[in-house]
Amino acid sequence: MPPLHWIALLLLGLGYTLALIHGSIDLVALPALLALLCSALLARRPVRWQQSLGHLLFIVLAVALALHWLPGFHGARVIDKAVLSEGAVPFSMYLNLDKPLIGLWLLLACPWLVMLRGRGLAISLALILPLTLLACLGGAWVLGMVAWAPKWPDQAWLWLANNLLLVSLTEELLFRGYIQGSLQRLFKHEGLALLVAALLFGLAHLGGGWQWFYLATLAGVGYGLAYRHGGLAAAVVCHTCVNLAHFALFSYPMLAPS
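Numbering (my numbering), first residue to last: 2 to 259.
Keep in mind the hints are simulated off the structure, nothing from the lab. Where hints are given, some of them may not hold.
[To be verified] The calculated DSSO-like cross-link candidates involving lysine-lysine, where the alpha carbons are at most 30 angstroms apart (straight line), are:
hint	residue 1	residue 2
1	Lys82	Lys152
2	Lys100	Lys82
3	Lys152	Lys100
When you get a sec, could you build the whole thing from the sequences and use the hints?
See below:
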């Protein structure tokens with residue numbers, strides 16, 4: 002592996018060692034960490050069947066990590082049932098240590114995900130981002146899920162750091178970089194890859210109801226267009242900005258049922 006990847010592994014090991022010392026993870030999480038490392042090494046092997054096995058193992062682990070099914074991870078609850086907007090449902094936030102491992106695996110095993118497309122970044126931010134904001138937040142307003150509620154509570158900066166580093170970056174690495182990018186390379190069809198990734202992104206939010214599936218799919222189309230024209234950086238910025246506009250300007254996370 003390149004030196005930067007070894008540095009990343011050392012930093013990852015240091016960070017999770019500190020988490021182990023402070024009780025944020027315990028030893029039963031070690032098999033999951035070793036399985037991720039092994040799958041990353043397999044995915045970088047030159048033999049095709051070993052690559053396929055590595056990616057298959059990663060997909061299984063990614064689903065389990067995203068759904069917090071694997072034992073041994075104890076995310077710190079930093080916001081506890083706070084009502085951030087009048088009429089909104091209470092909101093809690095955890096600093097999870099399992100889901101970010103998905104993004105770290107992708108950066109190590111699939112370095113081609115981080116493709117810089119500087120020429121399209123301005124287009125993504127100037128055109129695609131406003132349209133995505135209008136479609137998602139306008140749609141949420143029409144559906145009665147949010148209301149106008151500008152705010153910047155004390156927890157906002159912590160929320161922003163968590164959303165950028167542990168949510169938006171990880172999800173865009175997975176859905177746009179890994180899924181959309183891989184399907185595009187496989188089928189040689191940008192539109193199909195974008196649509197499939199957007200639908201899978203919607204399905205990941207289906208637990209909140211059909212409204213969240215619909216809005217997340219719309220958002221996935223916007224983020225996919227941003228990725229297509231501006232690369233991973235554009236997708237992450239668009240994702241973070243949509244979430245930030247939702248948090249700062251509207252009911253968050255949603256209005257309580259009447």
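Evaluated hints:
Distance restraint check for Lys82 and Lys152: the Cα-Cα separation of roughly 17 angstroms lies within the 30 angstroms cut-off, and the hinted pair is therefore satisfied. The hinted pair formed by Lys100 and Lys82 meets the criterion: a straight-line CA distance of about 21 angstroms does not exceed 30 angstroms. Distance check on the hinted pair: Lys152 and Lys100 sit about 28 angstroms apart at the alpha-carbon level, within 30 angstroms; holds.
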